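Visitor: Please construct the entire structure, taking both the sequences and the accompanying hints into account.
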Amino acid sequence: EAGVAQSPRYKIIEKRQSVAFWCNPISGHATLYWYQQILGQGPKLLIQFQNNGVVDDSQLPKDRFSAERLKGVDSTLKIQPAKLEDSAVYLCASSPSPASGEQYFGPGTRLTVT
Amino acid sequence: KQEVTQIPAALSVPEGENLVLNCSFTDSAIYNLQWFRQDPGKGLTSLLLIQSSQREQTSGRLNASLDKSSGRSTLYIAASQPGDSATYLCAVYGSGNTGKLIFGQGTTLQVKP
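Quick note, the sequences are listed as chains A and B, same order.
Heads up: the first sequence begins at 1 in my numbering, then just goes up one per residue.
Heads up: the second sequence begins at 1 in my numbering, then just goes up one per residue.
If you're looking for bench data, these hints aren't it; they were derived computationally from the structure.
Remember, predicted model here, so these are calculated numbers, not experimental data.
Treat the hints with care, as some may be off.
Pairwise CB distance ranges, derived in the manner of DEER restraints [stated by the list, open to error]:
1. B:Ser52 <-> A:Ile38: 24 to 30 angstroms
2. A:Gly3 <-> B:Asp27: 28 to 34 angstroms
3. B:Ser69 <-> A:Asp63: 39 to 45 angstroms
4. A:Glu14 <-> B:Ser85: 31 to 37 angstroms
5. B:Pro14 <-> A:Asp74: 26 to 32 angstroms
6. B:Asn63 <-> A:Asp63: 28 to 34 angstroms
All C-beta atoms in this analysis are idealised placements derived from N, C-alpha and C, irrespective of residue type, glycine included.
Guide: Pasting the structure below:
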């Protein structure tokens with residue numbers, strides 16, 4: 001079974017530029033999550049999708065971050081414009097359903113904003 | 001608001017030592033608790049998942065316990081090896097089956113040969 005795929009693995013941009021990350025969850029997983037992990041901290045949930053609908057985006061900085069999952073499979077996370085404090089690893093995870101009680105994580109995208 | 005704390009933040013031990021990593025959470029109404037391993041520059045690998053009705057789970061040299069009433073979980077690693085060097089993260093699923101994971105800040109373990 002293929003795992004969660006993410007791209008790119010690394011990205012370096014200047015502040016005020018825009019960037020997009022892509023995630024392909026495990027086949028058949030209805031629930032998709034995006035987390036932000038700042039160096040030295042645990043991951044923090046940014047947004048949770050159930051199929052193509054948003055379940056929780058309470059911690060997503062909506063003035064600069066956006067995410068979509070149009071067909072209920074792949075997802076993209078965008079930052080525009082980026083700030084220095086957005087430097088972090090962005091992790092995507094998926095699960096069969098919220099009640100399944102276990103999430104599977106991708107390798108992450110390391111973003112550096114200079 | 002659920003908060004998860006892991007102690008210690010970093011730990012260095014000689015190879016072969018048994019060790020315990022600690023995790024505490026403020027709201028005992030959790031659904032599940034999961035321990036992850038994270039290697040530098042990599043994603044998260046699930047180690048053990050403890051359901052709220054369980055007291056412990058074991059996998060090889062790893063044993064995780066859960067005490068909901070006291071808001072604590074421990075991860076026990078037996079006979080540590082240099083390959084165990086990594087960051088270990090504890091995360092709790094809130095009640096209500098929402099699937100939302102709340103993480104601790106992690107314990108970075110170094111096992112010296």
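Visitor: Decide, hint by hint, whether the structure agrees.
Guide: Evaluation of the provided hints:
{"no.": "1", "hint": "B:Ser52 <-> A:Ile38: 24 to 30 angstroms", "in the structure": "29 angstroms, holds"}
{"no.": "2", "hint": "A:Gly3 <-> B:Asp27: 28 to 34 angstroms", "in the structure": "31 angstroms, holds"}
{"no.": "3", "hint": "B:Ser69 <-> A:Asp63: 39 to 45 angstroms", "in the structure": "41 angstroms, holds"}
{"no.": "4", "hint": "A:Glu14 <-> B:Ser85: 31 to 37 angstroms", "in the structure": "34 angstroms, holds"}
{"no.": "5", "hint": "B:Pro14 <-> A:Asp74: 26 to 32 angstroms", "in the structure": "46 angstroms, violated"}
{"no.": "6", "hint": "B:Asn63 <-> A:Asp63: 28 to 34 angstroms", "in the structure": "45 angstroms, violated"}
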